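Enquirer: Listed below are the residues making up each chain.
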Amino acid sequence: MGAREEMQSMLRMMMMIRNFEETADRLALRGKLSGGIHNSSGQEAVAVGVMSALAPDDVIATTHRSHHHTLAKNFSAREVMAELMTKVTGVSKGRGASMHLGDVARGHFGGNGIVAAGMGIGMGAALGIKMAGDKKVSVGFVGDGGMNTGRTWEAINMAAIWKLPLIVVVDNNQYAVETFINRVTAGGDLAKRASGFGLPASTIDGQNVIEVRDAVAAAREYALAGNGPTFINMLTYRYYGHNTGEKGQYRTLEEIEDWRTHRDPIEQFAARLFKEGLLDQATYDEMKVSVEAEIQDAVEFSENSPHPDPSEVMLNIDSGKLRG
Amino acid sequence: MANDPSYSEAYQSGIREEMYRDSRIFILGTDLQERGGHFAQVKGIAQEFGGERVRDTPISEAAMVAAGVGAAMYGMRPVVDLNFMDFSLGAMDEIINQAAHIRYMFNGSVPLIIRATSGIAAGGAHHNNSFESFFAHTPGLSVAVPGTPYDVKGLLKTALRADDPVVFMMHKKLTGIRGPIGGPEDLVPFGKARIAREGADATVVSYGYTLVTAAKAAEVLAAEGEQIEIIDLRTLFPMDMDAVINSLKKHGRMVVADEAPLFASITAEIAATASEVAFDSLKGPIVRVGAQRAPLSADPGQVDATIPSVDDMVAAIRKVLSY
Ligand SMILES: Cc1ncc(C[n+]2csc(CCOP(=O)(O)OP(=O)(O)O)c2C)c(N)n1
Ligand SMILES: [Mg+2]
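Each protein sequence line maps, in turn, to chains A and B.
Using the numbering used here, the first residue of the first sequence is number 1, and each one after it goes up by one.
Using the numbering used here, the first residue of the second sequence is number 325, and each one after it goes up by one.
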């Protein structure tokens with residue numbers, strides 16, 4: 001892919017994720033999904049920047065807020081939307097819904113209902129990669145809220161002592177439900193906290209997709225060369241409530257507006273591409289149209305798919321080999 | 325009814341009165357101060373008592389329970405709010421190996437309440453585990469499972485005035501139910517079941533949301549002239565086996581029901597004990613109703629297929645009525 005195509009495809013992916021999330025949120029509010037969602041709008045550059053630096057068979061393991069990671073890892077809008085409706089055509093065959101997107105065979109070791117548990121699994125995947133002698137890396141996503149649970153630091157310590165090919169990505173939207181990170185995080189500087197474990201650690205602008213991509217590409221090279229894990233704290237922002245329909249008094253509308261107007265990852269990147277001559281208006285307009293069509297198709301596809309058969313709840317709980 | 329307090333408001337009422345009564349009581353957990361907890365269980369409490377006594381924590385379950393255990397040993401009366409019961413897994417050592425065993429070894433008490441919302445609803449496999457049996461199984465722990473607003477308040481008060489670690493499980497699907505609550509000195513004792521519905525033909529023993537399923541089944545059978553008794557256990561440990569046996573002796577027909585996987589469950593405990601001590605009173609086998617041993621799917625149809633329905637309950641009761 002030439003630079004122009006690569007840039008445009010990154011932009012389109014971010015636009016697709018935004019449209020997907022806003023569409024899904026509206027559907028959730030109308031009771032069309034199996035429950036609410038954790039909307040990632042505002043955090044697209046983290047997902048797309050990370051995946052742009054990964055090879056297709058690198059592994060990811062993630063959190064309860066993972067639509068953006070999953071779509072950026074090239075899972076189709078159809079199969080993700082279908083999962084939100086708990087349809088058999090969904091990523092997790094309708095058993096998982098919004099919080100539990102995953103397909104081990106495709107290197108997606110799962111979204112997670114348990115804060116920071118995904119990152120630990122990502123660390124284990126990195127151990128597997130290393131022991132198998134594969135030339136891959138694993139990315140463990142974790143939120144800012146996940147920075148204060150013990151399992152996070154147990155996993156990072158282990159990755160560091162064993163020099164595992166793990167990239168810890170903090171999808172740091174600065175809030176855990178309604179709790180601002182600084183209220184509950186001693187020391188303030190997460191990168192400094194991580195660097196105490198003796199691994200490269202930095203804080204970057206998670207609204208800048210190129211900065212994200214380049215930081216992950218460097219971490220990936222570092223891991224593939226056998227040097228071990230890297231910790232990258234990506235500063236970002238979520239535009240919507242923690243879960244569908246939630247508002248709360250914990251942040252000001254001005255704060256949200258400020259991020260939306262001055263630091264929106266999609267608008268910033270589009271502006272940059274225009275300026276560098278890598279995008280023209282006609283192409284941009286076409287992208288919007290094709291994204292809209294893609295999401296509408298995903299909704300239709302999902303609505304027309306069946307739910308999993310209730311009689312199948314007992315299938316595939318275990319392999320059956322131990323049952324005699 | 326419509327003006328009665330909800331299950332969550334009953335909790336607020338109980339905790340508020342007790343916090344005025346005893347300044348050693350404090351609450352800690354995530355998103356308690358402004359949000360009032362995920363189920364509005366402590367809405368307004370921080371505004372009344374301040375941030376020292378309603379403490380917002382990081383998402384640090386092991387440290388949350390450890391803080392509660394140590395502070396309780398020191399003489400405080402902490403309520404650790406774990407939000408969903410599933411998140412107790414991140415603090416299981418602190419709950420089972422520590423809180424539950426300290427009195428036995430170290431000559432001190434641990435007046436600690438671990439409150440969380442439990443039971444089966446939407447949300448998938450990570451938010452819908454049934455841990456009743458392993459908490460009840462652990463020596464040193466008491467387990468409350470209030471099924472009404474009255475019991476939420478009354479059991480909470482009893483727990484806050486006692487000296488032992490209590491796991492306080494509030495069912496998700498009861499969050500909004502309404503009903504009368506007691507006053508400041510209306511305590512509900514642990515280990516004392518409640519007859520939720522009287523009947524002379526057969527008994528359903530249950531707790532939590534399954535009481536609602538049982539009540540619906542009893543209505544179906546009442547239309548056919550069968551009088552079904554429903555016993556609400558209220559606490560799983562201590563367990564009021566006397567109430568169970570007394571009811572069983574009336575007619576010899578019993579169903580034991582909850583929504584946990586049947587295998588190695590509370591219902592197994594009750595059925596085994598009842599058949600040991602009251603075998604001669606039984607007209608036929610005790611029938612157990614519970615969930616399939618499957619992780620909980622996020623799909624609503626699959627959820628319904630995993631846990632007992634009213635039809636399942638009716639069928640189980642019909643079976644014991646047929647003896
Ligand atoms: C072990 C555990 N504790 C608590 C929760 C409840 N919970 C779900 S998401 C969340 C906030 C997580 O914040 P963060 O890690 O910043 O992720 P974000 O929602 O911002 O993406 C909490 C407390 C949980 N799911 N798991
Ligand atoms: Mg966050």
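Calculated from the structure, these hints are not laboratory results.
Bear in mind the structure is a predicted one, so any value in this text is a computation, not a measurement.
It is possible that some hints are incorrect.
With the C-beta cut set under 10 Å, the calculated list includes, among others, these residues of chain B facing chain A [as the list claims (entries may be wrong)]:
1) 381
2) 383
3) 384
4) 624
C-beta atoms are modelled at their ideal positions from N, C-alpha and C, and glycine is treated no differently.
Enquirer: Hold the hint about residue 384(B) up to the distance rule: shortest CB distance to chain A must be less than 10 Å.
Expert: 5 Å, holds
Enquirer: Do the numbers back the hint for residue 381(B), that is, is its least Cβ distance to chain A under 10 Å?
Expert: 7 Å, holds
Enquirer: Take the shortest C-beta to C-beta distance between residue 624(B) and chain A; is it under 10 Å?
Expert: 6 Å, holds
Enquirer: Would the stated hint for residue 383(B) survive a check requiring a Cβ distance to chain A of less than 10 Å?
Expert: 5 Å, holds
Comparing the model with each earlier hint shows no violations; every hint is respected.
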